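Which chain is which? The protein sequence lines are V and E, in order.
Just so you know, this note's numbering puts 24 at position 24 of the first sequence, and the rest follows in order with no gaps.
Just so you know, this note's numbering puts 123 at position 123 of the second sequence, and the rest follows in order with no gaps.
These are computed hints drawn from the structure, not numbers from a lab.
Values in this document were obtained by computation on a predicted structure and should not be read as measured data.
Every residue gets a Cβ at the ideal spot worked out from N, C-alpha and C, and that includes glycine.
It is possible that part of the hints are untrue.
[Unchecked claim] Here are the in silico distance ranges between beta carbons for each label pair:
1. E:W106 <-> V:L41: 54 to 64 Å
2. V:R39 <-> E:N134: 20 to 30 Å
3. E:N33 <-> V:E32: 42 to 52 Å
4. V:R39 <-> E:W167: 49 to 59 Å
5. E:G59 <-> V:S47: 45 to 55 Å
Each chain is listed here by its residues.
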Amino acid sequence: MNLSYLFAAYALVWVAVLLYVTSLARRGRELEREITELRALLAERDSRPADTP
Amino acid sequence: MKTKTSLTDTLLPPVTILVMGAAMYMALVGAPNDADQGPVQRIFYVHMAMWLATFSAFGLVGLASLLYLVKKTEVWDRVGRAGAELGLLFCTLGLATGSIWAKPIWGTWWTWDPRLTLTLVLWMIYAAYLLLRNLVNDPQQGASLAAILGVSGVADLYLINRAVYWWRGIHPAVVVNKEGGTGLHDPAMRAALILSLLAFFLLFTWLLRLRLQSARLQGDVDRMRDRLAPGY
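Next up, chain V with everything else stripped away, as it sits in the complex (with noise of 0.2 Å):
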């Protein structure tokens, strides 16, 4: 019946697609945390008077 070669192509192919999707995701995540802490570094430099190192 090759009902195992069947299972392994789907699978394969599902498997592969929610890796990738979890890899956006986390990216995304990790992105925008990042510009969260790069905001609050630019707002406190911003902030700060001009002469202060």
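With the hints as your guide, set chain E onto chain V.
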């Protein structure tokens, strides 16, 4: 413009999931078994869908690369890079599902058939497209070299499409109807194929939008880092 974009972002995931559910049902349950190959022929529905997504992705890379070479604007480089990443994913899956299907039908996991060989070359072209950026120090030079590869890869797409007609190989052309009970003679088989192609095209579009969102965020991070430099 903003409302239209957010509406697409809202509707695309549920529509994709619904169509994908219907496609999987038709491919695994609704369509009848092939007269010659039996149930293993059902791999065809997902295998073909991988190639539609691959061709869409690499076609987009070709177009974006051409526009980047002409206009030198960052947005086209971003589109090209996102398309190449997705194209490589679907191309890998197309090769893998084809190989899994080949084993019970051809008796081998791989053969140097013209279409298969050209497809492996395609995979290498776009893997090089992504790797080049890490190998070249100047990002703009890396993007330009990658764009040249992105455009030249389109020629390989055309060769892959023509390979089964120009050269004698083991890989068949798609048989839509053939006397004697083989081919996609059954309307349910055709429906399974159309639904599967549509579902994976929607999935490709959804993933592309997510990948472009991520690329935009990366651009924001890079700009903010530049503003903080050299202290950051």
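Against the structure, the hints come out as follows:
Hint check: W106 of chain E to L41 of chain V, Cβ distance near 59 Å, so the stated range 54 to 64 Å holds. Between R39 of chain V and N134 of chain E the beta carbon distance is about 28 Å. The supplied range of 20 to 30 Å therefore holds. Between N33 of chain E and E32 of chain V the CB atoms are about 48 Å apart, so this pair conforms to the stated range of 42 to 52 Å. The hinted range of 49 to 59 Å is satisfied by R39 of chain V and W167 of chain E, whose Cβ atoms lie roughly 57 Å apart.
A C-beta distance of roughly 49 Å is found between G59 of chain E and S47 of chain V, which places it inside the suggested range of 45 to 55 Å.
In summary, the structure agrees with every hint in the numbered list given earlier.
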